[in-house]
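Chemist: Under this note's numbering, the first residue of the sequence shown is numbered 498, with each subsequent residue one higher.
Heads up, a few of these hints could be off.
Said to hold, decoys possible - The calculated label-pair distances, taken between Cβ atoms and stated as ranges, are:
| no. | residue 1 | residue 2 | range |
| --- | --- | --- | --- |
| 1 | R854 | A879 | 36 to 42 Å |
| 2 | R867 | R541 | 28 to 34 Å |
| 3 | R669 | V635 | 18 to 24 Å |
| 4 | T766 | E846 | 41 to 47 Å |
| 5 | P681 | L627 | 55 to 61 Å |
| 6 | P842 | T544 | 19 to 25 Å |
| 7 | G815 | R669 | 21 to 27 Å |
Honestly, the hints are just simulated from the structure, not real lab data.
Keep in mind the model is a prediction, meaning the values are calculated, not measured.
The C-beta atom is built at its ideal place from N, Cα and C for all residues, glycine as well.
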Amino acid sequence: MTAPLRIALVVHSFNMGGLERYVSHLLNRLDRNRFAPSLVCMDRNGTAQDWVRVDDVPVFEMHKPPGQPRPQFLRQLRDCFRQQRFDLVHSHNWGTLLETSIASVLAGGIVHVHSERGTVMGGSTARSALRRQINRWVFRGALTHCAAVLAVDDSVAGRVAKASGFRQERIRVIPNGVPCPDCPDRPKTRAENRAALGIGTDEFVVCTVGRLVPVKGYDLLVGAVARLREEGTRVHLILAGDGPLEQSLRDQALQSGIGDLVHLVGRTTRVGDWLATADLFVNSSLSEGMSQAIVEAMAFGLPLVVTNVGGNAWLVGGETPAGVVVPPQDVPALAAGINELVREPAIREQFRIAGVRRAETQFGLQPMIRQYEDLYERLTRASHGRNEGLEQGTLALGSGELP
Numbered sequence: 498m499t500a501p502l503r504i505a506l507v508v509h510s511f512n513m514g515g516l517e518r519y520v521s522h523l524l525n526r527l528d529r530n531r532f533a534p535s536l537v538c539m540d541r542n543g544t545a546q547d548w549v550r551v552d553d554v555p556v557f558e559m560h561k562p563p564g565q566p567r568p569q570f571l572r573q574l575r576d577c578f579r580q581q582r583f584d585l586v587h588s589h590n591w592g593t594l595l596e597t598s599i600a601s602v603l604a605g606g607i608v609h610v611h612s613e614r615g616t617v618m619g620g621s622t623a624r625s626a627l628r629r630q631i632n633r634w635v636f637r638g639a640l641t642h643c644a645a646v647l648a649v650d651d652s653v654a655g656r657v658a659k660a661s662g663f664r665q666e667r668i669r670v671i672p673n674g675v676p677c678p679d680c681p682d683r684p685k686t687r688a689e690n691r692a693a694l695g696i697g698t699d700e701f702v703v704c705t706v707g708r709l710v711p712v713k714g715y716d717l718l719v720g721a722v723a724r725l726r727e728e729g730t731r732v733h734l735i736l737a738g739d740g741p742l743e744q745s746l747r748d749q750a751l752q753s754g755i756g757d758l759v760h761l762v763g764r765t766t767r768v769g770d771w772l773a774t775a776d777l778f779v780n781s782s783l784s785e786g787m788s789q790a791i792v793e794a795m796a797f798g799l800p801l802v803v804t805n806v807g808g809n810a811w812l813v814g815g816e817t818p819a820g821v822v823v824p825p826q827d828v829p830a831l832a833a834g835i836n837e838l839v840r841e842p843a844i845r846e847q848f849r850i851a852g853v854r855r856a857e858t859q860f861g862l863q864p865m866i867r868q869y870e871d872l873y874e875r876l877t878r879a880s881h882g883r884n885e886g887l888e889q890g891t892l893a894l895g896s897g898e899l900p
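Sequences are here, hints too, so could you generate the full structure?
Modeler: See the structure below:
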């Protein structure tokens, strides 16, 4: 019997977020007869470990120092890859690309796959033209050495190509596959959560799920709720997630006179419980790839208001839309989009039906898993003979200094 392929999923850290939810799906669902997955954290493990439902996934914390990769860290990562005898390493986003590229070569030519999922190059804002050009060269060079470069949608693929000069036609798109969030008894959960937050059974509730970080635009969403209150429309807002902006969002809500309407409920592993509590899901992001939270909300049956960034309009638009698309960084437009759906229950129902259908037919989890499984097998099979030769040639390196 052929031994399962040893796969390393490489992330910077593993705190709860869209990337980490997708990685947890792979860790949980890759066929164990064919694959033995591990998690490699450039920094350390985190809260998203709660999403990993299996107990056969080794986790390797590398504790990378801040800043550019140092030789000592690259040796450490190389040794991890070599000692675990990984057949393929799969890095995610700019923060893991260069280190994984170098270490995979030094470890004996391990197959390297790289995915970009949203904020390309970490939203790099290098001030000098020279630094931007160096970043571009590094990005393109590292991608060129990958066996495959992946993106979650065409918009991300386009941003990768623009930022790096890497040809877009060489980037394969594998959309996020998302299961419907679990909530066994929706009416009971809805009633209990509303009672706990002091929300009436007939009051309108907007929900969003994600890290409380600037790129999510949650300050704009709080501003939209305040504007609606001024215009005579009362809606509650549930922010499910944690992050560095938690206190500033609380302060903003209080200063805007809507402290009773904004509910910061902290990080959660039970996304479905908060979706069940809401009537509408809002994505107010300033930048996105393919938002997993949007697909989860569609699968759950919530209508949406989303900003026109990344793949958002593609996700919810089309001939049978699942929601309203508004300009980013535009509080009046965001408030108007929410208000439209507050006042039009028939349109909300149309969006709900369309969203469920779209999530089921286009963004199922198992089709995504199968695409990754097929890709991993094809790439490792194609490189098997080459890797065998490289491995024999690198055994003499032992744990010495980098060549």
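Chemist: State for each hint whether it applies.
Modeler: Hints versus structure:
The hint said 36 to 42 Å for the Cβ distance between R854 and A879, and at roughly 37 Å that hint holds. As the Cβ distance of R867 to R541 is approximately 31 Å, the hint placing it in 28 to 34 Å holds. One distance hint, 18 to 24 Å for the beta-carbon pair R669 and V635, holds here, with the actual separation near 21 Å. A hinted range of 41 to 47 Å for the beta carbons of T766 and E846 is inconsistent with their spacing of about 29 Å.
Range check, P681 to L627: Cβ separation about 57 Å, and the 55 to 61 Å hint holds. About 36 Å separates the C-beta atoms of P842 and T544, a value inconsistent with the hinted range of 19 to 25 Å. The hinted window of 21 to 27 Å between G815 and R669 holds, with their beta carbons roughly 23 Å apart.
When held up to the earlier numbered hints, the structure conflicts with 4 and 6 and fits the remainder.
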